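Trainee: Input sequences plus hints: build the corresponding full structure.
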Amino acid sequence: MNASRVDGVLVTLLLGVLILWFAPASMGRYGTYVLSLWIVTAVAVMGLNLTLGVAGLKSLAQAAFMGIGAYATALLTTKAGIGWFPAFMISGALCFVVGLFLGFPALRVKAHYLAFVTLAFSTLVWLVLRNEQWLTGGVFGLSNIPRPVIFGIKTDNALPFHRFVVVVTLALALILWWLLRSPWGRAFLALRENPVRAASLGINIRAYTLLAFAIGSAYAGFAGALYAPLVEFIDPSPFQLSASFFLLLMVVAGGSGYQLGPFVGALLGVVLPEWLRFTGGLYLIIFAGIVIALLIACPQGVLGLFERGWAAVKRRPMGANPPVKGAA
Amino acid sequence: MATVLEVEGIKKHFGGIAAVDGVSFTVEEGEILGIIGPNGCGKSTLFNCILGQLSPTAGSVKLDGADVTGMNPEDMNRRGVSRTFQLLQVFPELSVRENLILAGQEHQGTMLSRLFGARDAGLTAAADRMIGFFKLGHLADARAGGLSYGQQKLLDAAMAFMAGPRLVLLDEPAGGVNLTMLGDLKERLKAMNAEAGATFVVIEHNMDFVMSLCTRVIVMAEGKVLAVGTPAEVRANPAVIEAYLGH
Numbered sequence: 251m252n253a254s255r256v257d258g259v260l261v262t263l264l265l266g267v268l269i270l271w272f273a274p275a276s277m278g279r280y281g282t283y284v285l286s287l288w289i290v291t292a293v294a295v296m297g298l299n300l301t302l303g304v305a306g307l308k309s310l311a312q313a314a315f316m317g318i319g320a321y322a323t324a325l326l327t328t329k330a331g332i333g334w335f336p337a338f339m340i341s342g343a344l345c346f347v348v349g350l351f352l353g354f355p356a357l358r359v360k361a362h363y364l365a366f367v368t369l370a371f372s373t374l375v376w377l378v379l380r381n382e383q384w385l386t387g388g389v390f391g392l393s394n395i396p397r398p399v400i401f402g403i404k405t406d407n408a409l410p411f412h413r414f415v416v417v418v419t420l421a422l423a424l425i426l427w428w429l430l431r432s433p434w435g436r437a438f439l440a441l442r443e444n445p446v447r448a449a450s451l452g453i454n455i456r457a458y459t460l461l462a463f464a465i466g467s468a469y470a471g472f473a474g475a476l477y478a479p480l481v482e483f484i485d486p487s488p489f490q491l492s493a494s495f496f497l498l499l500m501v502v503a504g505g506s507g508y509q510l511g512p513f514v515g516a517l518l519g520v521v522l523p524e525w526l527r528f529t530g531g532l533y534l535i536i537f538a539g540i541v542i543a544l545l546i547a548c549p550q551g552v553l554g555l556f557e558r559g560w561a562a563v564k565r566r567p568m569g570a571n572p573p574v575k576g577a578a
Numbered sequence: 152m153a154t155v156l157e158v159e160g161i162k163k164h165f166g167g168i169a170a171v172d173g174v175s176f177t178v179e180e181g182e183i184l185g186i187i188g189p190n191g192c193g194k195s196t197l198f199n200c201i202l203g204q205l206s207p208t209a210g211s212v213k214l215d216g217a218d219v220t221g222m223n224p225e226d227m228n229r230r231g232v233s234r235t236f237q238l239l240q241v242f243p244e245l246s247v248r249e250n251l252i253l254a255g256q257e258h259q260g261t262m263l264s265r266l267f268g269a270r271d272a273g274l275t276a277a278a279d280r281m282i283g284f285f286k287l288g289h290l291a292d293a294r295a296g297g298l299s300y301g302q303q304k305l306l307d308a309a310m311a312f313m314a315g316p317r318l319v320l321l322d323e324p325a326g327g328v329n330l331t332m333l334g335d336l337k338e339r340l341k342a343m344n345a346e347a348g349a350t351f352v353v354i355e356h357n358m359d360f361v362m363s364l365c366t367r368v369i370v371m372a373e374g375k376v377l378a379v380g381t382p383a384e385v386r387a388n389p390a391v392i393e394a395y396l397g398h
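Residue numbers (the numbering used here), protein chains in the order written: chain A, 251 to 578; chain R, 152 to 398.
None of these hints come from the bench; they were simulated from the model.
On a predicted model such as this, the values are computed, not experimentally measured, just so you know.
Zero decoy hints are in this set.
Rough simulated footprint, nothing fancy, chain A against chain R, three-plus residues with beta-carbon under 8 Å:
1) 221 to 227
2) 230 to 237
3) 247 to 253
4) 265 to 276
Cβ atoms here follow ideal geometry from the backbone N, Cα and C, with glycine treated the same way.
Mentor: Here's what the structure looks like:
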């Protein structure tokens, strides 16, 4: 977390925005849609990366929170006639509050207990989305979700909406970047690495555990608020338990705890299957193979692999000796 | 001199085993109190009961006269009691300076001011002073996990002092530290005691270290206090020689 690495994150983010702003030019409608879906998914993964990768809390409800955000935004913009931006803020706030309450079990016993509670919560959310037809439309879902109008500019077409998603995502990524560099970020990390020692240094374990979980959940809500107008029609299926597992996989595959990890993870989870489409029915098998190989070769994910490679490159020209194993 | 800590009849049972069996002692302001005893005699369990990592089966703990029995570790720390653990406990992914800043950050401001307020709030300067004091200057920006064992032990101790505590409980600070580093550590702890007026309780197996550092020593055996006295008195006590030093 030294200065040069943090700046690296910032530079990469800003460069990425430039590329993503212009990238869809030759991609057509569907290509642009996949690109937007990648970025929106990355927002949900960013949240889970904070909860799991930085603070070490195992949550299996990220897709459910995304569902809450998506349905809240869809209902608010279609039925209540509220603008997208307030709906987006409400979606995030709603997930934050629900996250706070759901996080309480995490204070009792760590790890598996929270995982089970979030698993049950996931199922509960899915059941509500499917069965409470009067509110959610049940399996028929909600349709005709409007795309936002920003300063009088309509984002109904794929390209303007894509650019809109890019800007919102940049803002969310910058806020997280700022948060992780604050004393809160340091405390979240301490929570993951050694909660007993952290408590002995006066770190309020309860408050930080709840906050990490709630902020991570809020990011899923923000992702849902972007997802609803992206697909313009939502039903319960993308918010099932399996989707939460998939988001978890993206955190780990991208590089758990790395700030840019979510973008790499979501690229693997969203875009790679598209690239593998030409293989027909084989794509899921190939995709699973790639992920297994990656995790065996590098449990720290793609960015962990990069970091190791970069460290090796930096060492070589200096002619320095490799670190002696077991020297500590 | 005022009494900082008053431990009265602390017991801790694990199932049928009494790990700590009715220990009482006081810690006076400015002293360096040593606790020695064979492995498994309940020293670390005693620390855990005092600081809230474990809740005692019976007995009471008073800090500056106020009852703090069973208070959680965070609140104990914010009341000015800090500790180190027997096993090394620094945050390996953070730099030396960041470890120290982390050790101090929760002692000022509020949750919100920590997020929105001035990011530094004097902590970097305080951390650098501590780095200088513990002679870790050349390692300030190094990853804590990459330091030698002895250097990490120094950092571990430095973290316990970051928030200017009233009382510091050190659990085997000399364990696994080489001789040169050991001299450094002892000298730094003595200086902390003399200059900053910090009060210590030290658990340690290294007799030379304890006897030359501490002003008073408690000897424990099988969960009970066997003897209390100055290092010289303890050395001469027949019961202590029998149980512990006798070879």
